[in-house]
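Listed in order, the protein sequences are those of chains L and V. For the first sequence, the numbering used here assigns the number 1 to the initial residue and increments by one for each residue that follows. For the second sequence, the numbering used here assigns the number 1001 to the initial residue and increments by one for each residue that follows.
I should point out that these hints are in silico values taken from the structure, not numbers from a laboratory. All of these numbers come straight from a predicted model, not from anything done at the bench. Do not take every clue at face value.
Said to hold, decoys possible - Below, in silico cross-link-like pairs of lysine to aspartate or glutamate (EDC-like), each with a Cα-Cα straight-line distance of 20 Å or less:
hint, chain 1, residue 1, chain 2, residue 2
1, V, K1096, L, D100
2, V, K1007, L, D100
3, V, K1004, L, D100
4, L, K17, V, D1260
5, V, K1004, L, D104
6, V, K1011, L, D100
7, V, K1096, L, D71
8, L, K126, V, D1084
Said to hold, decoys possible - Sample of chain V residues lacking proximity to chain L, with all beta carbon distances greater than 12 Å (derived):
hint, residue
9, V1025
10, T1034
11, R1036
12, I1047
13, A1051
14, T1057
15, G1068
16, Y1119
17, S1121
18, I1124
19, N1127
20, V1157
21, Q1204
22, N1208
23, S1242
Note that the Cβ used here is the ideal one computed from N, Cα and C, for glycine as well.
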Amino acid sequence: MAPIVQCMGLTKRFGGKTALNQIYLNLERGRIIGLLGPNGSGKTTLIKIMNGLLNPTAGDIFINGLRPGIDTKYSISYLPERTYLQPGMKVMEIVQYFQDFYPDFRVDRAYDMLARLQIQPYERLKNLSKGTKEKVQLILVMSRDADLYILDEPIAGVDPASRDYILHTIVQNYNRNATILLSTHLISDVENILDEVVFIRYGNIILQAGAEQIRQNEGKSIDRFFREVFAC
Amino acid sequence: MLGKLMKYEWKSTWKLLVPANLLIVVMTIIATITVRLDVFDTDNEGIIFSAIIIILTYVGSMFVVMIGTAIYLIHRFYTSTYGDQGYLLHTLPVDKHHIIIAKVLASTAWVIVSTLLMYMSILILFNEEGDIFSRMIDNVKSSVMWSGTDDVSAFAVIMTLIAGMVVMFARVLKVTACISLGQLSNNHKLLSAFGFYFLIYIIQQIVNGIYYVILGYINTITGDWYYGTTWEYSLLTGLVYSVAFYLITWHIMERKLNLD
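Throw the hints in and build the complete structure from the sequences for me.
Dropping the structure here:
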């Protein structure tokens, strides 16, 4: 089966600045992959191109064998790094919204997770804390049966106590043939769930390897290895 | 998917715009009663002062609703399409044509409703004789005559109304096109949008100027110099502008999307 994501010479420039520099990258199915790199390395630009929110300057990208478009949006479940929900909507209304637009959305799964996190369906989003809004977004994203989950900084805004639950939620609620691409700075929190890591710096992929392979070859955690590679 | 987008567009806008339009109705009733009661004939300064306050509030609320509706619709388009909410909108598995059509139709409908209500409100307030709809038809007839023709047929009246709606549609699309053009800038998106708006405004004024120079003539009915536009001109330019602005908006959303 073809990789879920294929990047071929993918390049993105903003004016004179190169955000992604001729990236060649394949992401296989059924893996949890960490996309790791310092601020401004090109992580979010790459994620936006995968989601069709930016168009590449050069090169090609294929999701499930297709260029980003309506069909690839059916197969990607995307959690951006910001709050993208209408603040005036109630939680139950946004659940209905996702159900209306995504055929693979599982309502019962969403309400089950909301109940576990004690989030009331009739609450308006504007009345929720930033962390709770992030949890709602994560629940919505993980309640889909997608082929590719792209999570940009999914645990950055929540308290440490909730992080374990969220990571547990991520691992428990995805289809085993699906891929999760997880971008984060909090490597120590997520490294135990990663199958594979991709290091990105200055718009270049500098490493793609199995998580266990790095730990064995380098004799250290991914967090420690990352700090050494990206030391200022 | 178009129907679903329309449903959510309506659900998002009605909570603010229905009360705003109800305010027009309520203020019209209060102002009309005040005028009809001949309160200005009394010597009681308190009553006259209250009546002046009511009329000023009526005028003020008309301006607030008119300007507020425009600002709200522009802000909503910007935030839901190119702001944070754009991350959700543009990752929905829907055609960009449907997104534009849903937003523009909903906004145009609100602009038409508000304009119509305000127009009726003014007619009711100053109406002395005849029913309101006859007055409205008479006014449309007058505008047809003002455009320099004595053909005030039912067809001309209907086409004038249709041309008016197309012109409003084009105005809404002009705003969406300018906001979209502003997205091409990496740093000054809003400022660029204003810049494009004034640039397009100047181009439209030049087009109108050329039209007046070529077709300007003396009104055969009033004998005055004619500087109005016929419904044919309004309809034609409205359609041309609508298509141009629509294509600009679609091209940027489909090929040049640049969310921060």
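Right, here's what the structure says about each hint:
1. K1096(V) - D100(L): Satisfied, since the Cα-Cα distance of roughly 17 Å is no more than 20 Å.
2. K1007(V) - D100(L): OK: K1007(V) and D100(L) at ~11 Å, within 20 Å.
3. K1004(V) - D100(L): 7 Å, holds
4. K17(L) - D1260(V): The hint holds at about 15 Å.
5. K1004(V) - D104(L): Holds. K1004(V) to D104(L) sits at ~17 Å (cutoff 20 Å).
6. K1011(V) - D100(L): Roughly 14 Å between the alpha carbons, so the hint for K1011(V) and D100(L) holds.
7. K1096(V) - D71(L): Answer holds: K1096(V) to D71(L) is near 13 Å, not above 20 Å.
8. K126(L) - D1084(V): 14 Å, holds
9. V1025: Given that every Cβ of chain L is farther than 12 Å from that of V1025(V), nearest at about 24 Å, it holds.
10. T1034: Check passes; 35 Å lies beyond 12 Å.
11. R1036: 39 Å, holds
12. I1047: 42 Å, holds
13. A1051: 38 Å, holds
14. T1057: At roughly 28 Å from the nearest Cβ of chain L, T1057(V) sits farther out than 12 Å, so the non-interface label holds.
15. G1068: 17 Å, holds
16. Y1119: 30 Å, holds
17. S1121: Nearest chain L Cβ is 28 Å from S1121(V), so the label holds.
18. I1124: Consistent with the label, I1124(V) stays out of reach of chain L, its closest Cβ about 33 Å off (over 12 Å).
19. N1127: 38 Å, holds
20. V1157: 41 Å, holds
21. Q1204: The claim holds: Q1204(V) sits with its nearest Cβ about 30 Å from chain L, beyond 12 Å.
22. N1208: 36 Å, holds
23. S1242: 25 Å, holds
The earlier numbered hints are all upheld by this structure, with none contradicted.
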